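K.L.:
What follows is the residue order along each chain.
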Amino acid sequence: MSETADAGHPTGGVAEIDEPTRRDFLLWSTIAVGGVGTAIAVWPFIDQMNPAADTLTLASTEVDLSQIEVGQSITVIWRGKPVFIRHRTEEEIKEAESVELSALPDPQADADRVEKPEWLVMVGVCTHLGCIPLGQKPGDSKGDFGGWFCPCHGSHYDTSGRIRKGPAPANLPVPAYEFTDDTNIRIG
Amino acid sequence: MNSKKTIKTLILAAAVTLGATSVQAAGSGVHIPSREWSFSGIFGTYDRAELQRGFQVFRNVCSACHSMDLLAFRNLGALGYNDDEVKAIAAEYQVQDGPNDDGDMFDRPATPADHWPSPFPNEKAAAAANGGAAPPDLSLMAKARGSGGDSALRISLLQPAGFPLGADYLYALLTGYEETPPADASIPAGKYYNHYFPGHAISMAPPLAEGSVDYSDGTAATVDQMAHDVSVFLNWVSEPELNERKNIGIKVMLFLIVLTIMLYALKRKIWSDIH
Amino acid sequence: MSGTSNFQSNSKVVNWIEHRLPIFSFLDSQLHQYPTPRNLNYFWNFGSLAGIVLVIMIVSGITLAMHYAANTEIAFTSVERIMRDVNAGWLIRYIHMNGASMFFIVVYIHIFRGLYFGSYKAPREILWMIGIFILLAMMATAFMGYVLPWGQMSFWGATVITNLFSALPLIGEPIVQLLWGGFVVDNPTLNRFFALHYLLPFVIVGLVFLHLWALHMHHSNNPTGIDIKDEKADTIPFHPYYTIKDMYGLGVMMIIFAFMVFFMPNYFGHPDNYIPANPLVTPAHIVPEWYFLPFYAILRAFTSDYWVYQVVSLGGFLMSAKLAGVIAMFASILVLLALPWLDRSRVRSSRYRPVYKVFFWIFLIDCVILGWVGGQPAEGVLVTIGQWATFWYFFHLIILVPLIGIFERPKPLPASIAASVTGSTQPAE
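Protein chains in written order, with numbering that gives the first Met the number 0: chain A, 0 to 187; chain B, 0 to 274; chain C, 0 to 428.
Bear in mind the hints are in silico, worked out from the structure with no lab data behind them.
None of the values given here were measured: they were computed from a predicted structure.
There may be inaccurate statements among the hints.
[Said to hold, decoys possible] Straight-line Cα separation of at most 30 Å, DSBU-like style, residue types lysine-lysine; simulated pairs:
id, chain 1, residue 1, chain 2, residue 2
1, B, Lys268, C, Lys228
2, B, Lys123, B, Lys190
3, B, Lys86, A, Lys80
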């Protein structure tokens, strides 16, 4: 900070030797304190872009499974997306478990996709380009593998929601969920 | 001479600032007494016991007629209830949802994500059920009355004697009913005399009576107590961020005072070779 | 631009940039070496403070705009969502709300500094006029901003002020409908006010750039009002002297601002604006925000029995009282544009103008009185006080200022800025 040489009239003298050091300490500590304060002050303006309290409330959804009969599917909304919940029949479970993993475009064992075998929970958004596959309602086409069929570009999913045929690259994703008791789950 | 001018200007600046508040207790001009609140002042915070009692008064008495649209059940955690208690409180109330797959609207128990359900489906139904005057929503009532929400400064050029907070007005109103109005007051049929309500003729019947609510913490439910507690609760609904705001405020003020002192010292240092 | 730069650098990178865009030598000459009078007092801090408040308003405004919805159905609720659900939303909203008040406090002090020390006089006339345009842009921005929360005062304030334009003969009604986009203040009005409220601050930024450019042409005025004669003796480089002084002043302002935001955030507001707008219910007393109160008082002063109105309208012939009030309200600001020519004095600073100084203080008190009157109901003796205060406002500017300038005998001026500093017993702070 020696630019002051061309300004004012420095009072020459003894104190000059100590002055710069003291001024430097004050200068650097003020800059440090000011810098910390500025960083703290900037944070709220960035944090306001994070999800707000009302958005976070919808970050997890609880679903009561007790009314869903065997062979029945429901769709719930979780974080703005559809989630397929199916109470699978015995045949569907057996079929899902008996598939050879090497035959799968995206190999994944059925046991790795469910907490309890009779309950299949997955995000109902096709992994190709994002359409919602058919198969939730009775009368819907279930595709060649008895699960779900995406009408947009012809992806077929099996009874475990895994991709079997068609352009989709991956299985229907399984969200993080847990059973809060025997008949209730919390997704997310 | 320089400092005299500075002082004069500062006084005038203060005068302009203090004059800044607009007309407050307009209308009847009745003086509304200021009360002690746990949440007022620089270090004020809400008292949870008062909030919970006030909430009890609201749900047992006021919510029959008044909506509270901006209050979500999940906000009640701030009163000291845990997640399960909040869920249980929410589940006691029905909210409308739908349409279902048949295209019908239906009622279901509320969840913490829902907002407080209104006692009436719309404004006109509320007015029709209440003699033509719809009971106003209470979510912001403490900021919409008196001089508004809590304030550290309570005087101004326009009101050098001080002005009431919203909570002061609410308490005064709730305790301001008089059985026999003064002789010169003419109260139309269907209205009631209230000392503090502008114009004195209020459509709301006195809502509180001794023992209206059975406080779960055992406090005696006098009109005075209930009015106090519900006023605190209403201030909280209007200003839920108050605790956090004052807490952060103290830290910010201390930080700024320290930084400004350092800046002043640095300024004197740098200017010392000029003076 | 004046300000020498002997800027040189050993860095290849710096020189590469400098050759293509001389930003470093520009900053060096305009912010570092820039010669500034050595005797500036703390009233010279308010320009930089205003600039910083402008930045605060833009940053807080943009982050609010990420959450606000400019539609009459949901505007009020969207603001309450910001207050309750958005992370730190209450903080950003209160910063923006109180920042507007802070902006006007700072700018009004800045303007009165200019009036006292003659900063508007030659060769700084254009600098002064750009400042008045900045003030006008600020007032338009603040007016539209206050409508956005769509509370009772938002709606009714917008209704009253836009209705004023109907006083214009012939074109009045069509202009009001054009402003409204309808037959009353409603959603089209709200939407366009939001668009313009977002735009105008950047117009202000442009005006501030011109303001600073004009300032740098002839450098700052100073408390003595005397010109810089010898750069070496009369001035000091802007950095580090005024950079640190400005930062200290910023610290003081932030303390006051933080106290407002955290401990009295609704002090300058009106409780009625926490009631959602209702076109069928008029509030008992419609008042604008405090910074508009003096102008509101001038507007309301022009009743049909006001003698000034009778005079200027030739007995009510030329215009209605309503139109006279509107014209007077705008004239109260526009007359300031003429101030450099109204003031005939060859001496700038009130320090050496004993008569003008007294009338300056009277004028300032008159403005405070006007503000006080503006906040009261227009009844009884208050009307008369407002009318006399309005008369005095224009009388001071149009009659007194020129006359005092012509007939006043100023005190002897010091020989130079340097002489005024070394001669005084108090250090120039």
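K.L.:
All hints are to be evaluated individually against the structure, with a verdict given for each.
P.N.:
Evaluation of the provided hints:
For a cut-off of 30 Å, the pair hint linking lysine 268/B to lysine 228/C stands: about 27 Å separates their Cα positions. Under the criterion of a C-alpha separation no larger than 30 Å, the hint pairing lysine 123/B with lysine 190/B is consistent with the structure, at around 19 Å. The suggested pairing of lysine 86/B with lysine 80/A holds, with an alpha-carbon distance near 24 Å, which does not exceed 30 Å.
Violated hints: none; the structure is consistent with every hint.
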